[in-house]
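Enquirer: Protein chains in written order, with our numbering: chain P, 190 to 985; chain D, 190 to 985.
To be clear, the hints were calculated from the coordinates, so they are not data collected in a lab. It should be emphasised that the depicted structure is a prediction, and the values quoted were computed from it without experimental measurement. Check before you lean on any hint, since a few could be wrong.
One copy or any two copies: either way a pair holds, since identical chains are not told apart in the list.
Distance condition first, Cα-Cα at most 30 angstroms in a straight line; then the derived DSSO-like pairs of lysine-lysine [unchecked claim]:
id : residue 1 : residue 2
1  : LYS854    : LYS908
2  : LYS498    : LYS791
3  : LYS791    : LYS237
4  : LYS481    : LYS392
Number of protein chains: 2
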Amino acid sequence: MADGISISSFGPARSTIKGSPLSDSEVAQHNDFFKASCYLALGMIYLKENPLLRQPLTTDHLKARLLGHFGSAPGQIFTYMHFTRMIKKHDLDAFFVSGPGHGAPGVLSQSYLDGVYSEVYPDKPQDIEGLRNMFKKFSFPGGIGSHATPEMPGSIHEGGELGYSLSHAFGAVFDYPDLIALTMVGDGEAETGPLATSWHSNKFLNPITDGVVLPVLHLNGYKINNPTILSRISHAELVNLFLGYGWQPYFVEGDEMDSMHQAMAATLEHCVSEIKSFQKRARESKQAFRPKWPMIILRSPKGWSGPRKLDDNYLEGFWRIHQVPITDPATNSAHLQVLEDWMRSYEPDRLFDKKGAPIPSITALCASGNRRMSANPVANGGLLKKPLRMPDFKEYGIAVNHPGAVYDASMQNMAKFLRDIMALNPTNFRLFGPDETESNMLANVYEAGKKVWMAEFLEEDANGGNLAMAGRVMEMLSEHTCEGWLEGYILSGRHGLLNCYEAFIHVIDSMVNQHCKWLEKCNEVDWRAKVASLNILLTAVVWRQDHNGFTHQDPGFLEVVANKSPEVVRIYLPPDGNCLLSVMDHCFRSTNYVNVIVSDKKEHLQYLDMDSAIKHCTKGIGIWPQFSSDSGEEPDLVMASCGDISTQESIAAIDLLLTFFPDLKIRCVNCVDLFKLIHPIDHRHGLSDREWISIFTDDKPIIFNFHGYPWLVHRLTYKRPGSINLHVRGYREQGNVDTPLLLAIQNRTDRFSLAIDALDRMPHLHNRSAAAKQMLADEQIAARLEAIETVQRFEF
Amino acid sequence: MADGISISSFGPARSTIKGSPLSDSEVAQHNDFFKASCYLALGMIYLKENPLLRQPLTTDHLKARLLGHFGSAPGQIFTYMHFTRMIKKHDLDAFFVSGPGHGAPGVLSQSYLDGVYSEVYPDKPQDIEGLRNMFKKFSFPGGIGSHATPEMPGSIHEGGELGYSLSHAFGAVFDYPDLIALTMVGDGEAETGPLATSWHSNKFLNPITDGVVLPVLHLNGYKINNPTILSRISHAELVNLFLGYGWQPYFVEGDEMDSMHQAMAATLEHCVSEIKSFQKRARESKQAFRPKWPMIILRSPKGWSGPRKLDDNYLEGFWRIHQVPITDPATNSAHLQVLEDWMRSYEPDRLFDKKGAPIPSITALCASGNRRMSANPVANGGLLKKPLRMPDFKEYGIAVNHPGAVYDASMQNMAKFLRDIMALNPTNFRLFGPDETESNMLANVYEAGKKVWMAEFLEEDANGGNLAMAGRVMEMLSEHTCEGWLEGYILSGRHGLLNCYEAFIHVIDSMVNQHCKWLEKCNEVDWRAKVASLNILLTAVVWRQDHNGFTHQDPGFLEVVANKSPEVVRIYLPPDGNCLLSVMDHCFRSTNYVNVIVSDKKEHLQYLDMDSAIKHCTKGIGIWPQFSSDSGEEPDLVMASCGDISTQESIAAIDLLLTFFPDLKIRCVNCVDLFKLIHPIDHRHGLSDREWISIFTDDKPIIFNFHGYPWLVHRLTYKRPGSINLHVRGYREQGNVDTPLLLAIQNRTDRFSLAIDALDRMPHLHNRSAAAKQMLADEQIAARLEAIETVQRFEF
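Using the sequences and the accompanying hints, generate a full structural model.
Expert: Structural data, given as structure tokens:
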């Protein structure tokens, strides 16, 4: 293999590892398997009838609308089937991650040939009728999608949005020391940022305690309409890039079938042997190290084995074969003939028996039972999930004898609970975060599990570095990678938590969207067992960004989450430390949700003792009589809040109002569970209108101080009786390097503004309120100036 | 320099390029400059008084709250000042991109010493008072932030969110052939996905027509509380990684001052010479090629020149020096002394004169005029911006003689307008997109400008590849890189458009958030000239995802944008092709906005001729009498819509209703400019309530068919009179591989559902409506079944 440019995917195999481990008959057998698989992939795209072409192909047999992608199927099939040989030979525990988008035809064909698909979907048996059903239901309403969706057995990675195959695969193999994630990485998705940095995951993989990811970078050369970058750089650059990422790349390049079978077989044998020898060395010596794990660069033509040209246009080995290769067989009889010839070149007559089942020499290549990759229970992680062992969160309660009189750090306190969960679940729970765990006041967890670090160590690390080769905390400055790892870890049956600065969780908006969609579909797939919820703890919140400034002020992730299906999303804003404990406990016990918890990391007033906190969190929203002056009667005013800092200001505003108007009947309401606000028709957590009225009234002014953007509350409550009386304050994108008070004033969420707002809405106080408002405004100015001068937090 | 592990940042310089280009006195001079700069950086973090330590340091001189980051400052200072030497020597046109977060102290010090800062902010002259002001106002309310914010002269890249330095830098140098973007890349941000893939930008840079980015990867070893990956892999891995990315890495490593000056000077000289020679070769031969552009890997200790230890804790060369290095000088007198000794080690007495100005031997090192990097007008791009040369968009109009009778492809038609803009602005406009331009029906643009491609070419490329070394379309499968390039291109004074699938624009939610925040602050900085708007065209919309399925259905980007400041965001949903043209024309002429345009890419009914379209788009919302039956009178019902597909269904629903009830007075309303809906107090585009009532009434039922999530409309309209009568339909996260009609029915946005909704809200039709509803429901079922059977789009 020469250095320099060598980027053709055509010709006899060129490979790093030489050898011809297959007998001629094995080559022939694999060739048949490949053909049968490609046939199935094409069948899914084209046929609704005549599935084995036992009659001449006519337009009546074609689907009315041709949908599906052929381009990456042959390469995925080729990889999958050759690795199956390794599984059988070495009794490997492995599963398959299909990185390229629209990978379903290639992967489904494997799951069908080895029988898993028919076991899971008995209406698609291995016969003519089963084939017809499988073909017809592909990319069809009520059927199966063109990505590796939740409906596909063996999938934990849909690939509908590109870039997460490697991080998902790594997440799945952490703490499963015998597992291999064979991971096909598309050269398209390899251009995405999340994928490009996830190669570095090998600095976080321990060869003793973790399994391994075997990536196969598929250089099939093209995306939708463009060549891919990695397929158009020199061989030397490719080698360098992956050595630089810390992998040992092995090339398998070409399209000449027989030699490619030998090359792939020899290369996989070599990779498996290297993996086993690295693991053996580390495990026998009990000394972890970071080997150059093997990876494969497979350069094969896009649409490999398809027609090289259709009329004057390149097809195989070009982007035109990305999706439906021949788009007009229904109207162009010459093209129909090309299609038929192509399909028949895969010899369906010979490779499927009379009944329509694959012939024995094909099924003989398949693994059996759970060794079949699409049957591996790791890809239906709920089956493997063990409940977390949880200490009693009440033991961690903050003593609150007088509400609103104790100051404590809710987050730091909760970290002890987290630490003990970690200690009790040494192979079942990990904490993930982009280098913010200590900044987020969670450093207590390091007592139970240090940060995994498989790169080099320096002497300084002993000075509070908290690094270890075997650890429980995963920190890399990539929200994408952290989230991807966590998703993989959960989907394969374990538990975890992501902690992140509130503003920068937007970096992974789309990943969370996609995970929500995954969960939503899982709820419709009855054989999928429930997995642990994806728990996201947001802190370093918008209201405390005096030195980070405007860029760090963004509470809008809640809007993104609230748009997703109510079946899968939950949002909690605990007002104090005991509520935070109760909420965390609840989230860790839940399944198949995305739970978002928002909590500031600084010291705060504490309001509820543990019993009250549990009651309050169980209800999710409630009246706080201890801060109310309505004595259970009809109030003049409802002062509501959601979020710890917002609650503090709202309660302070009540105090201010009562100073001026001691007789005012004010009701204090606090909301922990944001979806309590929405109508029950739109989220099952929603209060009934009757409950709503009993809390908020339907005719009294409500001043609602919200943690996030104020209009989110309006969007949740527009159906509520009396919603016209709801006056919401929250972050309105007004900020800079401001003191917390100044920031609050600019957004009118401070105690003074809230009190003035309340007075504005009680016209019956008319004359008396004008003077009070003036005094409040004066106090506000004085407090603001003082806060600026001292540049201190304004907190009481 | 040995291979293998070599990762200490301490010791005499180790560098790839040898040589000692500096005289002893030049070394001394650079040393002084470095010291003066570090002194200023520390001063900003610590001092409110006694700026040059002319009195012994006491706690009274300290800021009440210590804010700021020192860690990366020395390395940035070192790089900046040495490159200034190159600028002076070779008369280079260059500016500086500060990648690491919180880079302000390092960069501001340079801008202060060379005089730009004082010119821009006359209250901070080069004297004692100026220093005091600069120190005090750093990270202070009403002052300047700790990132490279818009208030900082010379900045186009804030760095508040990490990962975009390289893509911003590349965007800025495209089409500026003489420009060099000296780009400091933090080793923390280097772990992010967006940064990791943006190294590949070199495959899109043409050495003839574009300038060049000189990246300096700063291995200062630590992030907030963790080592960085790239600082803890072997030297060989580092070399490989960057060779693999296509760069030629040059190392400068160590902390011994004098030898480091020589090493950096020699290395920069070598890099500049390489850059010039590559450019010369390409430009003289007129033959573009992709050289291995030089980059520098600078390994210097975090907090270089700070105290190595404080008590028992490592400081310099460890993460503890990331932020405020010594946190307690106000309460720990020993630490106060350490701080004072440290600051005095920078010799402020010697390096600033009596007046407080830097001494001449320091200012002698600075460049002058616009050669000073922070004065380069490219970083205040509005100064350089030339208006786009625009053809008359009316010339591209679709003939619509009868509203709702013509079918045409709005997007494909608009592409011709785009093509001609491209042709008229050959160095001033680029189109960006993640490999979706052709799929998005914009391929016409390739007639005016092909896709830039500097990687290898193959024979297939001639077959519709549309690739060229000099082109105007930028396609890489990384939304992050495309967006980053576009931002850099715009901020440096040019124009552009990003086209993207609607669902996957969420990938860059956070980048758009940050750009909005940048623009919002620019509006408050009077010396910043306005730049072209960031235009985002979304297509492949939620309602047409029959083969892509659920993962491709997400219209929620609008919520993300709507949360940003109303001063900078605009959202348009043109209902047809002529409206799309009018909207695009408007957006290209606008400045300092983020414009989001949503338009489907398939064929659609056309409603408005060009004149009507212009009028409609100018108003932004209006009644469509041609589809109404209220004859300008008070209607029984308002049928409103926003979005092309939504409009089609809404109008069809009107037809259905009139079939059953020909006397019904229905008003058809269409909204193009989404912010027309919101109250004018919240966005200047908002209709007055009076206008609102004249369109929507305040007492009639309104059935509003919306393109996106329905609650966004409620969030925008909750203040409106009669908002209780507003019944909004939109995407409710119900989907799969569905026909468009099935998808619409599931979300109840189809014509039948809308008509039924309308009947439900007109109780006065009571008896007659029951039968009509039954018939509509039957028609709906029939149409759904037919659509599934034929798997055809349901369109009329």
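Enquirer: If a hint holds in the structure, say so; if it does not, say that too.
Expert: Consistency of the hints with the structure:
1. Proximity of LYS854 to LYS908 under the C-alpha cut-off of 30 angstroms is found in both arrangements, the shortest distances being 26 angstroms within a copy and 27 angstroms between copies.
2. Within a single copy, LYS498 and LYS791 get their C-alpha atoms only as close as 65 angstroms, which misses the 30 angstroms cut-off; across copies the closest is 28 angstroms, which meets it.
3. In this assembly of identical chains, LYS791 and LYS237 lie within 30 angstroms of each other by CA distance solely across copies; the values are 26 angstroms between and 62 angstroms within a copy.
4. For the identical chains of this complex, LYS481 and LYS392 are neighbours both inside a copy (10 angstroms) and across copies (27 angstroms), given an alpha-carbon limit of 30 angstroms.
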